[in-house]
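Participant: Spelled out, the chains give:
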Amino acid sequence: MEKSIKKYWPVFVIPTFTAFIIGFAWPFLQGLYLSFCQFITIDRANFNGIANYIYALTEEQFGYSFWFTSLFAIVSTLCINIAGLAIALALTRGIRGTNLFRSVFFMPNLIGGIVLGYIWNILLNCALTLLGKPLLSLHAPYGFIGLVILMCWQQIGYMMIIYIAGLQAIPNDYLEAARIDGATEWQTLWKVKLPNLMPSITICLFLSLTNGFKLFDQNLALTGGDPAHATEMLALNIYQTFYGRSGPQWKGYGQAKAVIFCILVIVISLLQLRSTRSKEVQQ
Amino acid sequence: MKKVFALLLALAMMLSLAACSSGTTTDTSSTTSTDTPSTDTSTPDATEAPAADAGEDAATEATGAVYYLNFKPEQDEAWQNLAAAYTEETGVPVTVVTAASNTYEQTLMSEIAKSTPPTLFQVNGPVGLANWKDYCYDLTGSAVLGELTSDSFTLKDGDATLAISYLIESYGIITNKTLLAEAGYTIEDIQSFEDLKAVAEDITARSDELGFAAFTSAGMDASSDWRFKTHLANLPIYFEYQDRGITSTDAIQGTYLDNYKAIFDLYINNSTCEPAMLSSKTGDDSRNEFLAGEAVFYQNGSWEYTNLVGEGKFTDDDLAMIPIYIGVGDEANQGLCTGTENYWCVNNSAAEEDIQATLDFLYWCVTSETGTKAMAEDMAFVIPFKNAQESPNLFVKQDAEYTAAGKTPVSWNFTTMPSENWKNELGNALTAYAAGTGDWDGVVSAFVDGWATEYAAANG
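Residue numbers (our numbering), protein chains in the order written: chain A, 1 to 283; chain B, 1001 to 1460.
These are computed hints drawn from the structure, not numbers from a lab.
In this text, all values refer to a predicted model and were calculated from it rather than measured experimentally.
Don't be surprised by glycine CBs; every beta carbon is placed ideally from N, CA and C.
Careful: at least some of the hints might be erroneous.
In silico DMTMM-like cross-links for lysine to aspartate or glutamate, where the CA-CA straight-line distance does not exceed 25 Å [unchecked claim]: (1) A:K133 <-> B:E1274; (2) A:K133 <-> B:D1439; (3) B:K1397 <-> B:E1420; (4) A:K214 <-> B:D1441; (5) A:K133 <-> B:D1221; (6) A:K133 <-> B:D1441.
Not everything, but these chain A residues come out facing chain B in the computed CB check (under 7 Å) [stated by the list, open to error]: (7) T41; (8) L135; (9) Y243; (10) R245; (11) G247.
Required output: the full structure, derived from the provided sequences and hints.
Facilitator: Take a look at the structure:
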């Protein structure tokens, strides 16, 4: 066994490794290089130093998008995880039809972001029209709330599945011991279930936080950044810089923003991973 | 182990990001940007003489191929048919790809970086050309250039002719004459902005009784807002340019913005829908309202002809196009807005035989019987070439009638608008104004201040 692994490891490693180099490492390095260039097509790039980064970091709209995105990521992470966990707790109590409910809650996740965005755009605009309020693309707070609703609807089911798996992995002995010791439901939740759920919480927070930061298609389809860029999140801002403008300088700016964005997301998610991981317990 | 896991997760996340920010490419020599311009200067010499004679055609047939990235979705089918006809006749493969509405620039950007880039693409005027001029083959001396009826249909950079216009279009207010007659008017009653306003407001006042509105929805969705942020905005720009005797400017003064407001107010207050709902109305909505007879007036251009006339739609007798009056200048002698924003450019980075094949294809399109007929009839284009055939397009004929009657066409000055972003900001301001969440000062500022900022940003 050991021998054949030693002999055949390239068969298993090389295809994936090549794919990784072609599909990720090389484009990433090229993208990094292009962020120091002005270009229209990537085969004719002119190096221009750190000017792109200076522009990107001083652009007002990019800063605004950063704060808007941060706010969105925090609000949506909280909503999704609280609701997801609550539903998971409800659906692990052995009520009738549990499996049906699980499938129904998970389903929205199967629809693509663009489609969801347009569907919710129509739904919310209809509701706003009936209420006589300005439409989504005219009033930034509604756009923000709309985005949160959309993300919750899409993501809660997914997180719920992860939480359910985590809850089912908690040994029954713990719960039984807690019950015998006279712990209330609430105490069981806080002292037994949640500490044992920390690995699930880590992964769910990670997923929803990064999803919130990287949100693009839902943003594009639901509000398109309207009114006047007020609901434009980072990814959409980069896209608009890159494609919405013509001229070689804008491609460079867009690329520099993308690199900054990438670093930002990595830093934030590493911080989050570290802080939740430290609270995990060993079973 | 945990650290490794965390790092892996972070990497997995970066993957999706990097994948969107830099397109895939088969060209690994991304840094060799300096050697391409040298081929730019050498290629024109090689094909100085028009290569339309049969001998050279035969030589290029075997190797060359044409790839046209088309800008106009309305004419996609007609182009596909024409391409097939050319392939059948000559054996040269022609691929026509049409970029989806509003995505031309980004499609071109990613397509042109590929190993088989489009050999033929479009720019929308001088501002568009500025972005792409390094990719344009110098058409000086080519056979197709010699077929143009006037030199004014070209775009130049210094001595090099980089782009040629291939069609002339007109826009104005498309009018449903049948409905107008029901309301008790004819198009002769509308000779000025005052007339238009009076008719529109009268129709609005009686709309319950008549069962239709004056204007179709002035939709501010991206599929429709160009009718107002670009085409309608051309009028105040045109009259200002006339006054100042210029053809482009780095700072617009906005002399006629009050008139722009007046016509926009007229559109949104006499329409099929509430102004607050306009932000979600699309171009299709507006056209469908017009087709369904819900409104008399529909601002759009001659390219809409094929969408409006046909089986189960209108006949030529139902329709007319009238000038957009905004209450400025000599309204009695104002014609339709006529011009072009469709220019052909040949890609200089394509293989030499493909460039030649493309030039041959263009020459064939504008000279051969099949080509000119397809362009005139199937696409309903008026092309500025010597062999052009008469188009059955009603609006185009009307433009000719207006001109023959001594009216002056309004030229297309929106090609000098400083950037796409300027148009978008103006569109945003108009949408907010229409919905009541913004005021007209926002529009003025987007128009005047935005022009100066964008011009400076684009021209450094």
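Participant: Hint by hint, note whether the structure agrees.
Facilitator: Verification of the hints:
The hinted pair formed by A:K133 and B:E1274 meets the criterion: a straight-line CA distance of about 12 Å does not exceed 25 Å. With a CA separation close to 17 Å, the supplied pair A:K133 and B:D1439 stays within the 25 Å bound. A threshold of 25 Å between alpha carbons decides the hint, and for B:K1397 with B:E1420 the separation of about 31 Å lies outside it, so the pair is violated. Restraint check: the Cα-Cα separation between A:K214 and B:D1441 comes to about 35 Å, which exceeds 25 Å; the hinted pair is violated.
Distance hint between A:K133 and B:D1221 is fulfilled; the C-alpha atoms sit about 18 Å from each other, no more than 25 Å. With a CA separation close to 23 Å, the supplied pair A:K133 and B:D1441 stays within the 25 Å bound. Given the 7 Å rule on beta carbons, the hint for A:T41 holds: about 4 Å separates it from the nearest Cβ of chain B. Residue-level restraint check for A:L135 holds (minimum Cβ-Cβ distance to chain B is 5 Å; threshold 7 Å).
The criterion of a C-beta within 7 Å of any C-beta in chain B is met by A:Y243, whose closest approach is roughly 4 Å, and the hint holds. Hint status for A:R245 relative to chain B: holds, with the closest Cβ pair at about 6 Å, below 7 Å. The restraint placing A:G247 at the interface with chain B holds, with a minimum CB-CB distance near 6 Å, inside the 7 Å limit.
Hint check: violations occur at hints 3, 4; the rest are consistent with the structure.
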